[in-house]
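*Asks:* Read off the chains here:
2 protein chains.
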Amino acid sequence: MGVTMVLPLVLVISVFSLAMAGFLARQVLSADTGTPEMRAISDAIREGAEAFLRRQNRTIAMLAVVAAAVIFGFYYANRAIPNIAQMGHGTAFKVTLSFVVGALCSAIAGYIGMFVSIRANIRTAAAARTSLDKALQLALRAGAVSGLTVVSMSLLGVGGLFYLFGGMHDYQHVPLQIVGFGFGASFVALFAQLGGGIYTKAADVGADLVGKVEAGIPEDDPRNPAVIADLVGDNVGDCAGRGADLFESTAAENIGAMILGIALYPVFGLGGILFPLLARAFGLVATMVGVFSVRCREDEDPMNALNRGYLVTTVLAMVGFAVSVYALLKPVSATIGEVRQGYLLGAGLIGIATAYAFVWITQYYTEYKYRPVRSIAEASRTGPATNIISGLAVGFECTGMPVLVISAALMGSYWCGKMALGDISGAGLYGTAIATMGMLAPCAYILAMDTFGPITDNAGGIIEMSKQPEAIRQKTDRLDAVGNTTKALTKGYAIGSAALAAFLLFRAYLDEVHKITRTEISVDLTRVPVFIGGLLGATLVFVFSSLAIKAVGQAAQVVITEVRRQFKSDPGIMKGTSKPDYARCVDIVTAGALRQMVVPGLLAVMTPIAVGFGFRYLSPYGQVGAESVAALLMVGTITGILMATVMNNGGGAWDNAKKYIESGLFKVDGVVVGKRSEPHKAAVVGDTVGDPFKDTAGPSLHVLIKLLATITLVLAPLFIL
Amino acid sequence: MGVTMVLPLVLVISVFSLAMAGFLARQVLSADTGTPEMRAISDAIREGAEAFLRRQNRTIAMLAVVAAAVIFGFYYANRAIPNIAQMGHGTAFKVTLSFVVGALCSAIAGYIGMFVSIRANIRTAAAARTSLDKALQLALRAGAVSGLTVVSMSLLGVGGLFYLFGGMHDYQHVPLQIVGFGFGASFVALFAQLGGGIYTKAADVGADLVGKVEAGIPEDDPRNPAVIADLVGDNVGDCAGRGADLFESTAAENIGAMILGIALYPVFGLGGILFPLLARAFGLVATMVGVFSVRCREDEDPMNALNRGYLVTTVLAMVGFAVSVYALLKPVSATIGEVRQGYLLGAGLIGIATAYAFVWITQYYTEYKYRPVRSIAEASRTGPATNIISGLAVGFECTGMPVLVISAALMGSYWCGKMALGDISGAGLYGTAIATMGMLAPCAYILAMDTFGPITDNAGGIIEMSKQPEAIRQKTDRLDAVGNTTKALTKGYAIGSAALAAFLLFRAYLDEVHKITRTEISVDLTRVPVFIGGLLGATLVFVFSSLAIKAVGQAAQVVITEVRRQFKSDPGIMKGTSKPDYARCVDIVTAGALRQMVVPGLLAVMTPIAVGFGFRYLSPYGQVGAESVAALLMVGTITGILMATVMNNGGGAWDNAKKYIESGLFKVDGVVVGKRSEPHKAAVVGDTVGDPFKDTAGPSLHVLIKLLATITLVLAPLFIL
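For the record, the sequence lines run as chains A and B. One point on numbering: in this note's numbering, the residue at position 194 of the first sequence is 1171, and numbering is uninterrupted. One point on numbering: in this note's numbering, the residue at position 407 of the second sequence is 1384, and numbering is uninterrupted.
FYI, nobody ran anything at the bench for these hints, they're computed from the structure. Everything numeric in this text was worked out from a predicted model, so none of it was measured. Be a bit skeptical, because a hint or two may be false.
A pair holds if it fits inside one copy or across any two, identical chains being indistinguishable in the list.
[Stated by the list, open to error] In silico BS3-like cross-links for lysine-lysine, where the CA-CA straight-line distance does not exceed 30 angstroms:
id, residue 1, residue 2
1, K1652, K1189
2, K1307, K1556
3, K1395, K1552
4, K1545, K1395
5, K1189, K1644
6, K1644, K1545
7, K1346, K1658
So here's chain A without its partners, still in its complex pose (with noise of 0.2 angstroms):
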């Protein structure tokens, strides 16, 4: 295949694979809307999503073009510097512009996932009234509306970008301009986590606190004022979301990994430059067969065949990667030697086994089919604090086995990369980089499985609060049940991606810094400023996860506040004789939570540009301002890796604690303790616990993760004198 075909051809793929997103979401939308009792339920909570996701907009729109601003404004101001100016001519605007599509898609691409979702319930929930397959088949196609449309926009952005800049004959700079692609994406997708993540808990928590603790009436029930606020809260935190911290991850890795393949220009020319996009188009190709693929057996558990889809998948990726490496992946010229291609296919493997080890990893401390969820509910028979002990306890725990995965990843595709290419600099570089795109290449799928869950959880709701036959609501509790599972592999995957792409990130900072400063950059952590910067790093990690918990905690007051007065200024609610003012506490969340996001959001994208100006003009130190924001990055990365996997797991592994108790499966002394129960009670301290830990603070972190690669990525070159 010659070089020149591969943009084209990615393009053409990500074109089909958003007009099959397009098929597919006409096909969600034809099918059967179910009961009139249940199109209100539907009907409230998509107004009340759209409403939020609306507002989040204005919001974030309102910052982004600020930061914008900002990002001309320094690039501008400082065009004559020999930094930027070697970047080429017109860098600031490209730059920008790349910064403005990247958060447009950003935002598209939440918007275009929460659309098909919040459809998407209520048809799943009526066709769970027929038969299993059809509600599994709709509920997962709708969820591939999403992944299909995030993939395909961030290779239609980044490599259409890096066409129209002309990349393909000024290939040095053009992947330094796009980096604004990214940074615009993670920019975006903080907020929208944030904002996402604070109002499905603050609705949650708030609901519960004054629905099943204060007023003693049971979850969804129609008599809650935030009933409905809650429901929404599922679809704009992990639809809206997480759609948004999906699409960033691919694009900022996906540049990454071509900054990566400046390096080895000599060696595969442009080919080593096209070749994650093209590996990514595969991977497209290999989701739609996969989804295709899934059927299910009315008496079958849906996850076997969720998980048949994704072997398919699996399988065609790698097929699709082999392809692109060998056909991208050769040298350019005789004089250059032997690559070992087979080492460099290898590569992909490990990142395929990395990110099979993470999916089993979090179902072993996340499933309450082993030790540590089971010890959780085990301490819950002495009450809520040896409960939250021992869940803390996992939590910390659990960092462990990843950390050896990823460890052992990286080390073995970097060995892989050095066979493959021998001392060429930058070829174990490059291996990590190999293994990253190979984690990678499922995404799409792993994406339409996450989008899975709240449509489900959503479908169940319906069907509980229209009151249909006990018969569908079994297999909407069997779907619901898959859809928490798929929901927790899916944060797995997500922060070991993190976990393999943060390296690559870094590198492509220093790539960068290099390009730019001509002298071989290291992050020495003996010196004092860069000591510094890792110190800082690590604590807006901390700083940051407590401004994101106490965030929830103060939008949910504002729900309680607001239950409370409806239900003492009409008694009649309570009664069940007049409807609640659904509306009322919708807006009042979305308000809370757009506030609440603003500074957590502001800290993250401040303190790097904070630390990156400081130390370029503190002078006692030298000029080490590029250095302190790679320690900032990098230290920052690590606490932030292990933080979110303590946050997502602790918090997955409580919520199953509680499950487990209420399951009728937990025993003590061979009787069963289940639901009402005294452990039951500590085991639910436990899971309002974990709820902003695995819905707010966590996946918030991994996109600051993001963020810092991304803001350093772009603002490198102002950070050296």
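Dock chain B against the given chain A, drawing on the hints supplied.
*Replies:* Same frame as chain A, but now just chain B:
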């Protein structure tokens, strides 16, 4: 002052202060021991504490013998390789001897601290029957026995070994041989702090859960079989554990600063190497004066009296510090140029200011006068879940300010070093070393205040259990409250000094590696194995915390089972007609705690060894054992400092949120919400969660940080091929 006089002077001051400790101990022991009832309780505590320490020391001794054999084996087997050979004859023997002496001194320091405190508790209780001033002085002087012993033993050990090994002539290598002393001290301290910390919280949590929750009897009720074990715990955790902890801190930091002094030998000669010892010795003198100056009026807040003593100590220590600077830190020859000693003194003042800032920040985050603790109390209104969430948010938040202070202190003292010495290599770093020494100058007084805490805590318990009149109880309650504050402040101070000293110890390690390899070493996180080292360092902190927390839960389970058994087998216990078997409970916690301390302890010791040797032999990355371990040390330290801060302050804040509600100052809508209210119950849950944080995992992390530093210092020559 001639430089040859420094070491004798330091040794004389150390011996004098040991004698003073003996004098104070005799004074304390000759005091009145109260009524027979009081003696009965105190005897039980004493016996339990001594039995624990005996068994703990036996376990630690076995581990230490193995460690000593391994060290000797490593050094002896490699005696021919250049790294070791260049350290001179008998290095294997000298390093091992240092290790053994350090381990022994650490154990003795812990033992003496506890020996006095378990005898001072009853005498403080008895003194409270006559006057507050008497009780306060007695408790503080007993604390000073521990403070003076610890610091002077560390000076005697380091100074004595330096002299013995011929450091006055062979200044280049001797400091590297006596690093074994620091490792021995931290080896013992790690297990002592882990064992004591697990013991104290297992007994506490166990006693509370069966006593308060199941049997419904109040705290410190003599019917609870675990009540004596609980009181024993305060001594073995806070006195013995903290004594060993601070012993190793002072030892390790002295050695680290001496190694940095070697780099400046051309400027200061031996003066730069001996400066840390002299500054510390003057600090001892200052502490003695400070302790004797404390007087308290009957109607005064005892904290004011302690603060006056602290002020006296600090001012005198500063004078001694200035004398040391001007006497020792001057150029040895006129050709070197000017040394601006004022800036060196300035670095010392930065250290003192840092100590004050840390004490203030700790108060802000842990006292109920301020927002953070109040926000936790406020959150308790909606139950245990929100209490826990807001406590964790406060814990994560409170890392921010300390890190900013430490960053400023590092930069400021680095700048001072540069200003004082100009462009001499190592100038800036010596500035940070001087700041560390400044911060540690009043260390003995701080330690005295710390030991004051458990003594007054126990005195209160004895008064309570022996049913003394209300007026006396009020006095001991006032002292106990002050003791809680001083304990919290010490932890803040300890972590602050650990953070400042960390950099010193990194640098000492790198200087050592540099001396061996004769090439400049950098800890470049952009290299794969170095990054992995950092990742593993951070993970070690998380997994170690998990193990420490879990150990408490498991040891507490043993207590619970035993107390239940006693209640069941002898119903007379609950009626108050028969005495519970306190000794058996003490025995059982002892065995449980000692079993649980081994795994986390060994993990901490083995991880750096595994990384160092692993990367020494793994070929595709080149030989990077020393750098990977350095990254493990540095990133581990950063993460460790942050986690310890989260745990210490979070735990303290939870504790005081409960006390705030109990105090009757907490109001909802103008109505007092106090003991036995729902918010109080929620706050008790938070307090229980915080217990293993602040008394087991947090303090053990302090030691872990130092252990990583000393173990890498000792094994550095072996990590380099």
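*Asks:* Out of the numbered hints, which ones does the structure contradict?
*Replies:* Hints 2, 3 and 4 contradicted; others consistent.
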